[in-house]
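Enquirer: Here the protein sequences come in this chain order: H and Y.
Position one of the first sequence corresponds to residue 1 (this note's numbering), numbered consecutively onward.
Position one of the second sequence corresponds to residue 1 (this note's numbering), numbered consecutively onward.
Read the hints as simulated data drawn from the structure, not as lab findings.
Among the hints, erroneous ones may be present.
[As the list claims (entries may be wrong)] Cut-off 27 Å, straight-line C-alpha distance, at most; resulting in silico cross-link-like pairs (DSS-like, lysine-lysine):
(1) H:K130 x Y:K74
(2) H:K183 x H:K108
(3) Y:K241 x H:K65
Here is what each chain is made of, one letter per residue.
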Amino acid sequence: MEAIRIENLTKRYKNTVAVDRLTLSVEQGELLALLGVNGAGKTTTIKMLSCLTRPTDGDAFLDGKSICREPDEVKSVIAVSPQETAVAAGLTARENLELICGVHGMNKETAAAKIASISEQLKLTAVLDKKAGKLSGGWQRRLSLAMALISDPQILFLDEPTLGLDVLARSDLWDWIRSMKGKRTIVLTTHYMEEAEALSDRVAIMKDGRLLLCDTVEGIKAAAGTDRFEQAFVQIVKGAEQ
Amino acid sequence: MKTYTLAVRNAREILRDPLNLAFGLGFPLVLLFLLSVIQANIPVSMFEIQHLTPGVSVFGLSFMTLFSATLIAKDRGNSLLQRLYTAPLSSVHFILGYTLPVVPIAVLQCVICYGVALALGLEPSVNLLWAVLLIIPVSVLYVALGLLCGSVLTDKQVGGVCGALLTNVSAWLSGIWFDLDLVGGVFKRVAYALPFVHAVEMERAALLGDLSGIFPHLWWVLGYAVAVLAAAVLLFLRQMKRQ
Numbered sequence: 001m002e003a004i005r006i007e008n009l010t011k012r013y014k015n016t017v018a019v020d021r022l023t024l025s026v027e028q029g030e031l032l033a034l035l036g037v038n039g040a041g042k043t044t045t046i047k048m049l050s051c052l053t054r055p056t057d058g059d060a061f062l063d064g065k066s067i068c069r070e071p072d073e074v075k076s077v078i079a080v081s082p083q084e085t086a087v088a089a090g091l092t093a094r095e096n097l098e099l100i101c102g103v104h105g106m107n108k109e110t111a112a113a114k115i116a117s118i119s120e121q122l123k124l125t126a127v128l129d130k131k132a133g134k135l136s137g138g139w140q141r142r143l144s145l146a147m148a149l150i151s152d153p154q155i156l157f158l159d160e161p162t163l164g165l166d167v168l169a170r171s172d173l174w175d176w177i178r179s180m181k182g183k184r185t186i187v188l189t190t191h192y193m194e195e196a197e198a199l200s201d202r203v204a205i206m207k208d209g210r211l212l213l214c215d216t217v218e219g220i221k222a223a224a225g226t227d228r229f230e231q232a233f234v235q236i237v238k239g240a241e242q
Numbered sequence: 001m002k003t004y005t006l007a008v009r010n011a012r013e014i015l016r017d018p019l020n021l022a023f024g025l026g027f028p029l030v031l032l033f034l035l036s037v038i039q040a041n042i043p044v045s046m047f048e049i050q051h052l053t054p055g056v057s058v059f060g061l062s063f064m065t066l067f068s069a070t071l072i073a074k075d076r077g078n079s080l081l082q083r084l085y086t087a088p089l090s091s092v093h094f095i096l097g098y099t100l101p102v103v104p105i106a107v108l109q110c111v112i113c114y115g116v117a118l119a120l121g122l123e124p125s126v127n128l129l130w131a132v133l134l135i136i137p138v139s140v141l142y143v144a145l146g147l148l149c150g151s152v153l154t155d156k157q158v159g160g161v162c163g164a165l166l167t168n169v170s171a172w173l174s175g176i177w178f179d180l181d182l183v184g185g186v187f188k189r190v191a192y193a194l195p196f197v198h199a200v201e202m203e204r205a206a207l208l209g210d211l212s213g214i215f216p217h218l219w220w221v222l223g224y225a226v227a228v229l230a231a232a233v234l235l236f237l238r239q240m241k242r243q
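Using the sequences and the accompanying hints, generate a full structural model.
Expert: Encoded structure:
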């Protein structure tokens with residue numbers, strides 16, 4: 001069953017086309033990686049799908065709800081972990097989580113239970129009462145993800161989730177993302193080849209706002225006639241330039 | 001509930017910053033002490049406690065503009081607002097969430113200011129209640145200025161515009177530190193075309209129990225508060241759409 005259906009989604013800024021007639025669908029429980037070099041249109045796509053930016057043309061349906069006509073309904077089934085770590089620096093980790101529970105209309109008891117559960121899942125318990133602004137980059141990113149997950153979204157957008165993390169923190173996050181697979185629909189943007197290869201069910205390669213190819217890692221390698229994913233990506237992107 | 005959650009978060013961010021407490025509360029109180037000491041040694045009618053306190057309590061509100069503008073600008077800069085914009089919240093939740101918590105902080109600041117003034121010799125009277133009550137529309141004006149600046153400026157720009165420019169403009173053009181008649185001319189006309197001097201004169205009249213004297217100043221303050229709040233809401237909504 002489709003969790004996301006994107007139909008000719010387009011975003012133009014004056015003379016620039018950031019996303020060009022993107023058509024794509026994502027199944028429930030699938031993890032789709034949007035892969036591309038800088039300026040490919042990945043973040044703009046996420047911004048449109050999460051109702052932050054209005055498309056110039058086209059539409060997308062998340063859990064059957066239109067991002068153009070029913071943004072409030074869409075917002076109730078999604079969560080976003082933005083590219084930059086989006087936490088309230090002056091609040092403790094617990095208060096940050098309470099903030100998100102509150103804006104989703106949860107009562108105190110539900111919020112407390114959710115915070116206990118998500119903290120255990122993401123091993124945040126030890127830092128719950130520390131100020132978010134004092135946490136290291138890795139902990140802040142983990143908190144940022146917990147804030148995205150605590151509302152129990154059906155569809156989760158992770159925009160460059162491991163950007164700037166060290167190897168161990170990245171490995172921990174990968175484990176956690178893997179544990180989410182099948183339970184929620186996840187759209188992840190990245191420009192790390194190994195991340196897309198390790199985590200995704202399918203990879204959508206974008207360049208200059210256009211979708212070049214969407215397939216499994218094996219399918220992409222086969223299409224490019226190579227057994228190395230990075231080489232396949234380079235060939236496909238460079239092929240589109242010619 | 002959603003507005004309350006946002007308001008609590010914003011109040012916490014403001015109150016937990018030691019610099020905010022130092023400037024918002026400490027600086028006006030230091031001015032009160034200092035000018036009262038000067039007044040004790042060299043009597044100047046401008047610095048008599050019943051004349052000085054209303055001015056200092058209004059001047060202190062310019063820091064509320066700085067606090068709320070800095071908070072909004074920082075939230076815009078670090079993607080927290082982006083995250084919140086993807087939550088099921090309306091623009092009303094955001095606007096109330098950013099403005100409501102600052103008004104009680106501003107009133108509390110005013111109460112502390114008058115409390116310290118009592119200790120410094122201000123005569124206790126029921127008029128203090130009027131002075132505190134009338135600080136509310138003035139607070140709304142300053143908080144709206146914060147919403148407006150926070151919606152269009154970066155947190156670094158906010159430091160310059162609200163921290164330096166607004167505090168100076170509201171100090172020089174308010175008649176707190178010197179009598180505007182001493183300068184007169186265009187300076188005085190500009191000052192009276194702006195709301196700051198009206199806010200101070202309204203507070204002074206309230207503290208003296210001259211309730212008819214709060215007019216027309218109250219209309220000036222209310223007019224500016226409504227106009228600035230309307231502009232702030234429009235600019236906040238514009239930056240929300242630009243996300």
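Enquirer: Now tell me, hint by hint, if it's right for this structure.
Expert: For each hint, the structure was consulted:
Pair hint H:K130 plus Y:K74 holds up; C-alpha atoms about 20 Å apart against a cutoff of 27 Å. Between H:K183 and H:K108 the alpha-carbon distance is near 26 Å, which keeps this suggested pair within the 27 Å criterion. The suggested pairing of Y:K241 with H:K65 holds, with an alpha-carbon distance near 20 Å, which does not exceed 27 Å.
In the structure shown, no violation is registered for any of the earlier numbered hints.
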